[in-house]
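Participant: Using the sequences and the accompanying hints, generate a full structural model.
Chains as they are written, first to last, in the working numbering: chain W, 1 to 265; chain Y, 1 to 471.
Residues from chain W that keep clear of chain Y, each with C-beta distances beyond 10 Å, as calculated:
| no. | residue |
| --- | --- |
| 1 | D3 |
| 2 | G45 |
| 3 | R148 |
| 4 | L251 |
A few chain W residues that face chain Y, going by a derived Cβ cut-off under 7 Å, partial list only:
| no. | residue |
| --- | --- |
| 5 | A66 |
| 6 | S68 |
| 7 | A69 |
| 8 | W94 |
| 9 | A95 |
| 10 | G97 |
| 11 | A99 |
| 12 | A105 |
| 13 | I109 |
| 14 | Q110 |
| 15 | V111 |
| 16 | G131 |
| 17 | S190 |
| 18 | G201 |
| 19 | R232 |
Quick look at which bits of chain Y chain W covers, simulated, 3 or more residues with Cβ under 8 Å:
| no. | region |
| --- | --- |
| 20 | 332 to 338 |
| 21 | 346 to 359 |
| 22 | 376 to 382 |
| 23 | 409 to 416 |
| 24 | 443 to 453 |
Hints are computed from structural coordinates only; laboratory data are not their basis.
A virtual CB, placed ideally from N, CA and C, is assigned to each residue, including glycine.
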Amino acid sequence: MSDFRGKRLAALQARIAALETGGRTDFGVLPFGEASLDGRLPGGGLPLGRWHEITGEGLEVETSAAPSAFTALLAAPLARRGEVVWVVRRDDLWAPGLAGLGFPAGRLIQVCARDEAEALSVMEDALSTVGVACVVGEVETVDLTAGRRLQLACERHGGTGFVIHRRPFGGTARREPAGSAAATRWRVGSAPSEPPAGEFGLGAPRFRAHLERCRGGRTGAWIVEAAGAYSRTLLEETADVAHPLRLVAELGDRQLAPASERRAA
Amino acid sequence: MRRIAAASAEAQVLRVYAGQKATDAKAIAPELVTAEAEPEADADALTALVDWCVRFSPAVAADPPDGLFLDIAGVEHLFGGEAELMAELRDRLFANGLPFRLAIADTAGAAWALAHSGKDGTIAPPRGQAPLIAPLPPAALRLDPEAAAQIERLGLRRVGQLMDIPRGPLGRRFGAHALARLDQALGRAPEALAFRRPPTPWIDRLAFFEPISAPEDMARVTEDACARLCARLEAEGRGARRFEVGFCRVDGKIAAVEVGLAAAGRDARRLARLFAPKVETVDPGFGIDAVLIAAYEVEAVAGRQVRLEAGLAPAPEDGLIPLVDRLANRLGPERVWRAAPVESHVPELSVAREAPLGAEASNAQPWDVEAPRPTRLFRRPEPLEGVIALTPDDPPSQFRWRGRTHRVRRAEGPERIGEEWWTRDIGEVSVARVRDYYRVEDQDGARFWLFRAGLYQPGEPAKWWLHGVFG
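Facilitator: This is how it looks when you write it as structure tokens:
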């Protein structure tokens with residue numbers, strides 16, 4: 001009896017989910033393998049066949065180092081399913097650095113666009129291509145129309161998009177558009193690393209990831225670690241099974257303030 | 001001494017000829033109008049004419065100072081035959097007001113002889129050039145002036161008399177060059193022509209009764225031309241990596257556009273879509289009366305079965321190859337790349353760009369994942385200011401970059417990277433080109449890759465640079 005009820009409940013939930021997505025196909029999720037993270041995301045993981053926004057904080061809006069490292073770590077499991085197209089405006093993305101994080105650099109096609117509109121249209125073109133698992137684009141802002149177009153391109157073959165918001169060096173901040181068609185929005189910064197006890201130097205790279213917006217889920221803030229970075233044995237061990245990001249700590253929503261404000265305090 | 005370089009037909013009637021002294025010519029014909037000879041301008045004009053002739057055949061070779069060879073083997077059927085081709089060439093040259101003489105023969109040598117000394121418009125039948133060039137003077141064989149003069153001095157006035165002489169004595173008397181020229185004219189020896197563009201048998205041509213200029217017409221004829229060539233490629237099981245479409249404008253200029261493919265292909269509709277944005281930029285001028293299409297880098301391509309099972313992993317032909325083609329043709333091939341490892345310790349030399357698809361696998365070792373490398377590498381390292389380091393060999397404890405002070409919390413290093421001294425002269429190698437790299441983390445957790453240039457020199461402040469950021 002309870003089994004029957006459970007089945008009916010599941011069927012009803014599936015119908016509601018189908019109504020919410022507007023008849024969109026479900027392309028599955030990419031779980032982090034950490035209950036605290038996956039519990040906040042709809043379906044228990046990063047939704048695939050959607051696009052996600054990743055921004056930096058402070059100077060990272062211009063250098064975009066932590067956001068791109070974080071994106072490469074998110075995209076690494078996807079890169080095993082197909083090619084990754086990375087659309088840049090300035091070609092300072094460095095493949096050896098991505099390889100050290102465990103990203104399969106041989107799967108990476110880099111495209112250098114000449115302007116913002118071209119970067120978005122290349123992203124759209126790549127997202128709607130069979131055999132491209134994920135597309136990363138570095139653009140300044142995505143307005144509602146462009147975001148909607150990206151979403152439609154994602155839905156054609158289930159490609160996943162990542163938009164890294166990046167401002168040209170020395171440029172002034174543009175006003176962010178009010179709405180966004182993205183599934184999630186992350187604000188990512190570097191976090192101080194901890195070397196293993198008794199060792200000198202730097203530990204595995206850590207990131208402060210703040211899930212600022214999440215459709216059908218809840219926001220949150222965490223400190224995550226690329227546990228296997230710069231170690232051949234660890235990278236090989238975790239290559240097939242786990243997500244490359246490990247949870248270090250969950251932060252209270254209120255604790256996470258931009259680095260500059262915290263310094264002033 | 002000033003001499004006549006060339007004389008028009010009217011002047012020749014007045015017995016003015018090339019090579020004559022200018023004063024003599026003026027004396028014979030006082031009303032003679034002369035202009036300075038401009039050999040460079042003549043050469044430019046010949047090059048322009050060679051380019052213009054591409055509308056008849058892709059294989060055009062200039063024959064300075066005033067001639068050109070058209071290799072029409074395999075293209076005459078596009079015009080309806082050799083006579084029709086020659087008639088069209090004659091009409092167009094006449095319309096342009098150029099004086100000309102034409103001849104068609106099996107060999108370049110025979111055609112040259114007939115055009116220069118024979119009857120204008122001669123078409124030698126296949127393997128029938130010998131009787132036609134026999135009555136021509138020996139100079140028609142493109143001999144050195146001295147050899148030609150000597151042959152004429154000996155009373156040999158016709159090529160036919162040379163043909164009758166046994167080869168041995170002929171070669172001994174007049175040299176191997178004369179013998180080779182005779183053989184080339186008769187087709188007994190091959191002759192290499194320097195064609196202006198590499199000849200390809202994969203060409204096709206569409207001509208129109210009325211010139212076209214509307215953008216949609218140009219797009220349509222491009223697709224038609226692609227379809228014709230692709231049908232031929234398909235029939236022979238071949239595909240090409242590069243296609244070129246030339247629009248022959250009424251004013252004689254040719255506007256060419258080109259697309260490259262990541263893998264050899266022959267899909268006419270896909271090609272037409274790649275051509276479409278480039279065709280839009282072509283200026284049709286007063287109209288376009290013919291379209292040429294040529295395929296280069298032709299290679300065998302296996303046919304592909306249409307897939308019925310949808311569950312299988314997608315083949316690159318389905319998505320990736322067309323995507324790379326679209327991007328490379330829209331943005332330029334240098335803007336789409338895959339990073340490939342290069343065996344070099346110098347960071348900026350350790351990455352090469354290779355074509356995204358179809359690049360040969362290199363034997364280079366992959367990058368060492370154990371050596372931490374930044375995700376963003378600046379093209380030129382940026383100078384750091386206000387660097388405070390405990391001792392010259394220590395990583396900095398504080399530095400300023402882009403107007404912000406960073407206090408270093410943790411540091412790793414140094415990793416010493418020297419220049420590739422084996423690629424330089426030994427005298428140029430210097431310790432100043434050694435870099436000591438450190439990976440440092442500031443108070444906020446931002447990670448930087450910075451280096452000190454050169455070895456420590458007492459009394460000189462160390463120079464620090466930021467080369468990349470890890471994030």
